[in-house]
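Chemist: Sequence:
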Amino acid sequence: MALDPSERARLQRIQRQLVREDPECGRRLRDYSARLADNAGPAGPEPVPWAGVLLVWAAVLAAAVILVAATAAGV
Numbered sequence: 001m002a003l004d005p006s007e008r009a010r011l012q013r014i015q016r017q018l019v020r021e022d023p024e025c026g027r028r029l030r031d032y033s034a035r036l037a038d039n040a041g042p043a044g045p046e047p048v049p050w051a052g053v054l055l056v057w058a059a060v061l062a063a064a065v066i067l068v069a070a071t072a073a074g075v
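The UniProt record's numbering numbers the first residue of the sequence shown as 1 and each following residue consecutively.
Everything labelled a hint here was simulated from the structure, so no lab data went into it.
We treat Cβ as the ideally placed atom computed from N, Cα and C, and that holds for glycine.
Computed Cβ-Cβ distance ranges for the label pairs, DEER-style:
no., residue 1, residue 2, range
1, Arg-30, Ala-9, 16 to 24 angstroms
2, Gly-74, Val-53, 28 to 36 angstroms
3, Ala-43, Ala-9, 28 to 36 angstroms
4, Arg-13, Gly-41, 27 to 35 angstroms
5, Gly-74, Pro-49, 31 to 39 angstroms
6, Ala-58, Arg-10, 54 to 62 angstroms
7, Ser-6, Pro-45, 35 to 43 angstroms
Please model the entire structure based on the sequences and the hints provided.
Modeler: In structure tokens:
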């Protein structure tokens with residue numbers, strides 16, 4: 001989420017005031033900012049659930065075999 005310059009300036013003023021009033025708050029803000037910076041990149045791709053993919057293909061193949069068998073029995 002991008003902040004416009006006036007919002008960013010207001011947020012920085014609030015942060016400076018909090019740090020003056022409570023130095024521990026400044027440490028927490030720095031730690032939080034560092035964690036955000038570490039996790040700022042895009043998320044990695046989700047792993048493919050290969051067991052689920054195989055199960056779906058097995059169901060499709062079974063349905064195809066049943067359809068072929070039912071069609072052949074009807075002839």
